[in-house]
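Novice: Based on these hints, arrange chain B on the given structure of chain A.
2 protein chains.
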Amino acid sequence: MKRSEYESAKQRTEEMFAKAGIVLTAEEADKIEVAGFGLNDLERQGLELITYVNSSRYCAKELVLFPRQSCPEHLHPPVGDDPGKTETFRCRAGKVFLYVNGRSTDGIQAVVPAGSEAYYTVNHEIVLEPGQQYTIEPGTLHWFQAGDEGAIVSEFSSTSRDEYDIFTDPRIERMPVIEEE
Amino acid sequence: MKRSEYESAKQRTEEMFAKAGIVLTAEEADKIEVAGFGLNDLERQGLELITYVNSSRYCAKELVLFPRQSCPEHLHPPVGDDPGKTETFRCRAGKVFLYVNGRSTDGIQAVVPAGSEAYYTVNHEIVLEPGQQYTIEPGTLHWFQAGDEGAIVSEFSSTSRDEYDIFTDPRIERMPVIEEE
Numbered sequence: 001m002k003r004s005e006y007e008s009a010k011q012r013t014e015e016m017f018a019k020a021g022i023v024l025t026a027e028e029a030d031k032i033e034v035a036g037f038g039l040n041d042l043e044r045q046g047l048e049l050i051t052y053v054n055s056s057r058y059c060a061k062e063l064v065l066f067p068r069q070s071c072p073e074h075l076h077p078p079v080g081d082d083p084g085k086t087e088t089f090r091c092r093a094g095k096v097f098l099y100v101n102g103r104s105t106d107g108i109q110a111v112v113p114a115g116s117e118a119y120y121t122v123n124h125e126i127v128l129e130p131g132q133q134y135t136i137e138p139g140t141l142h143w144f145q146a147g148d149e150g151a152i153v154s155e156f157s158s159t160s161r162d163e164y165d166i167f168t169d170p171r172i173e174r175m176p177v178i179e180e181e
Numbered sequence: 001m002k003r004s005e006y007e008s009a010k011q012r013t014e015e016m017f018a019k020a021g022i023v024l025t026a027e028e029a030d031k032i033e034v035a036g037f038g039l040n041d042l043e044r045q046g047l048e049l050i051t052y053v054n055s056s057r058y059c060a061k062e063l064v065l066f067p068r069q070s071c072p073e074h075l076h077p078p079v080g081d082d083p084g085k086t087e088t089f090r091c092r093a094g095k096v097f098l099y100v101n102g103r104s105t106d107g108i109q110a111v112v113p114a115g116s117e118a119y120y121t122v123n124h125e126i127v128l129e130p131g132q133q134y135t136i137e138p139g140t141l142h143w144f145q146a147g148d149e150g151a152i153v154s155e156f157s158s159t160s161r162d163e164y165d166i167f168t169d170p171r172i173e174r175m176p177v178i179e180e181e
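Chains as they are written, first to last, in UniProt numbering: chain A, 1 to 181; chain B, 1 to 181.
If you're looking for bench data, these hints aren't it; they were derived computationally from the structure. Here the structure is a predicted model, which means the values were calculated and not measured. Here a beta-carbon is modelled for each residue, glycine too, at the ideal position from N, C-alpha and C. Hints may be right or wrong, so weigh each one.
[Said to hold, decoys possible] Residues from chain B that keep clear of chain A, each with C-beta distances beyond 12 Å, as calculated: (1) K10; (2) R12; (3) L49; (4) K61; (5) P67; (6) Q109; (7) V111; (8) A114; (9) D148.
[Unchecked claim] A short, non-exhaustive set of chain B residues, derived as facing chain A with CB atoms under 8 Å: (10) V23; (11) L24; (12) A60; (13) T86; (14) R90; (15) S116; (16) G131; (17) Q132; (18) T135; (19) F156; (20) Y164; (21) T168.
The following block holds chain A by itself, in its conformation from the complex (with noise of 0.2 Å):
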C-alpha cells in the first residue's frame, strides 16, 4: 500500500468514528492500522483498525469498514497453549453482514468481490445491526462485509495474534508494508 493511500483511508476511518461519537487520542488516531491484506482493492477488501488493549490475557479493538467493504476470510488456528482466538463482534454503528461455518443462507445479502468467489467460501449469514453482537469460537472460517453506510464494530476477545491468522485466499499477506512515495 502506498503511503498516499494509507493516510486516505486514515482520514476517512477517523471521520466515521468521529461520527458516531468514538473518541481516540491523537497518539491512538497515528496508529490506526489499515489492512490492506496485500491484495492492493482497499475499496473492496481490507479493514481499518485501532487496537485499545492486547495482552496475554484479552483484547479490545475498534474495526471501522467502508461501504461494502470486506474483510476476507480466514480463521484463528490454535497458537502454542492458546487454542486460538475467540473473538465477539458488537456492532456500534451501520450493518454488518457476517459469514461463517455452518448451513448455507440462500441469496445471501453481501456481494462477493468479483474474481475472489473461490475465496469466499462460507456462507451462514448474521447480520449484526447496532446493539447487536455475535462470538466466533476458533478455527471457525469467517468473513464480513459492511453495508452500504459502512460499519463499526467493537471486538472483544482473547489474546490477539493476527500474524498466525489463516486466510483461504493465498495471495493474502497480513502485514504488507507500507510504501513510501
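Specialist: For chain B alone, coordinates are given in the frame of chain A:
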C-alpha cells in the same frame, strides 16, 4: 434497593447511553444492573452497568456513573487458578477520577463520600477523559468517581467474577436483591 429506585436509575442509565450514541438492544436494556452495594446511598455510591460478554476467556462491560457517583474501593483477588481480574477502563464520555495503590496525590479532585472516608484509602489519582484508558492489575485497590457530568466507561477485562470482589467497606453487599414494593 427498592424496585422504584432501580427503575429510575435504569432509565437514567439508558438516557446516558443514548446521549453518548451507545446502542443497546431492548433485551440488554432490560438487563442493566444497578449496583447500590447495599449502602442505600446510590446517588453518591453506586454503579450502573451492562455486561456484553463474560466468558472463561474475557469480559466486556459498559459502566455508567451518574454525576459525582463513586464506585467504592475494592480489589480483585485470585480465584482458583485465576490470578485475579485484570481490567482496562476506557473513558467514552464525561470524565473519571480513578484512584489506585501508589504515591498519594495532593488535593485529589474527587469528593470522598462523607461518612465513608475510612473506606476510601488509596489516593493515587489518574484522570481519564474520553479516549483515555488505564489498566488495573489484579490485587490493586481502586475506586473511581465521575466528574460533574457523569461518565461512561468501557471495561475490557479477563473473566469477571464480581461475587469475589473484596471491598474495603465491610457494610458492602455486592449482590443485594431488589425489594418489590
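Novice: Could you tell me which of the hints above the structure violates, numbers in ascending order?
Specialist: 4, 15, 20 and 21
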